[in-house]
Amino acid sequence: MSALLIIEQVLNGLQFGVMLFLMAAGLTLIFGVMGLINLAHGSLYMIGAFAAAAVAGATGSFILALGAALAAAAIAGALIEITVIRRLYGKAHLDQVLATFALILIFSEGTRWVFGSFPLFLDIPDYLSGPVTLPGGIQYPFYRLTLIAAGLLVGLGLWFLIERTRVGIQIRAGENDREMIAALGIDITRLYTLVFAIGAALAGLAGALVGAIQSVQVGMGEPVLILAFVVIVIGGIGSIKGAFIGALLVGLTDTLGGIFLPELFKLFMEPGAATQTGSALASMAIYILMSLVLIWRPTGLFGARA
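What the sequence shown shows, in our numbering, is residues 698 to 1003, in sequence order.
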């Protein structure tokens, strides 16, 4: 196995990880502040992807497509929070799961009704297409490098919002003691809507960015949602830093496991059986990682200890 292949797969893992971070950051923000289990978060990812594909097809502008993804997901998130989610605060988690699962069905069938059952395709713009030569002569797609950079910039902006702004102070205070900040005159209802819209916008942006390297189709958000839950369990519920570290660990584990594990088993088994066994174990690697983290630290890497 060549060093070039390893470096390329590490970059692929980083790209996958930062996209998972955009998804998981909004999810952990919503759960940390509101205590809400939102299974419909994957539908917001799908809405962002479809909005981007539709606007790009109509205008030919990738920038407008990203703006449409952010706006559509944020508006959808705000409407969900106002009409449905607001009635679930303080309810049992089972009620939240059932209500948000119903939203998945509604959004899936609504998207199929508007766009049809066939997948859409979002083309990579010319100025982001093609390979770029990295040190060592490595050829790597420029768009995937752009995804890594975009994810890191969004993560930095989210950190600045949470840690260095007045809104961020309110969000962190709402996470720790929502009754107290309501008593201090903060409009907790507006704050919850804002947090939900921010989380939805991050999911929509991730869907739009990933939509350019895979087809945009109904139900595309649910597999990513499962991985996002794994990320926040590993990183710690309510921790943006935990979501970032957890997303990178999941991205690298999933990508590198699919390469190294089959090669490792070839040392002990026949090539065909080694490939089958290694691939099966690679598909379980992130869940094994999650189990090991929870055995060591049940609240996640950066979750608050009881």
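Hints listed in this document are in silico derivations from the structure and should not be mistaken for laboratory results. Remember, it's a predicted structure, so these values are computed and weren't measured experimentally. Hints are supplied without guarantee of correctness; some may be wrong.
[Stated by the list, open to error] Restraint ranges, calculated between C-beta atoms of paired labels, are given here:
{"hint": "1", "residue 1": "816", "residue 2": "849", "range": "24 to 30 Å"}
{"hint": "2", "residue 1": "764", "residue 2": "813", "range": "21 to 27 Å"}
{"hint": "3", "residue 1": "879", "residue 2": "764", "range": "32 to 38 Å"}
[Stated by the list, open to error] With a Cα cut of at most 20 Å, we get these calculated DMTMM-like pairs of lysine to aspartate or glutamate:
{"hint": "4", "residue 1": "938", "residue 2": "876"}
{"hint": "5", "residue 1": "963", "residue 2": "860"}
{"hint": "6", "residue 1": "788", "residue 2": "860"}
Heads up, the beta-carbon is just placed ideally off N, CA and C, and yes, glycines get one too.
Taking the hints in turn, this is what the structure says about them:
| no. | hint | verdict |
| --- | --- | --- |
| 1 | 816 to 849: 24 to 30 Å | holds, 29 Å |
| 2 | 764 to 813: 21 to 27 Å | holds, 24 Å |
| 3 | 879 to 764: 32 to 38 Å | holds, 34 Å |
| 4 | 938 to 876 | violated, 25 Å |
| 5 | 963 to 860 | violated, 48 Å |
| 6 | 788 to 860 | violated, 29 Å |
Hint violations for this structure: numbers 4, 5 and 6, all remaining hints satisfied.
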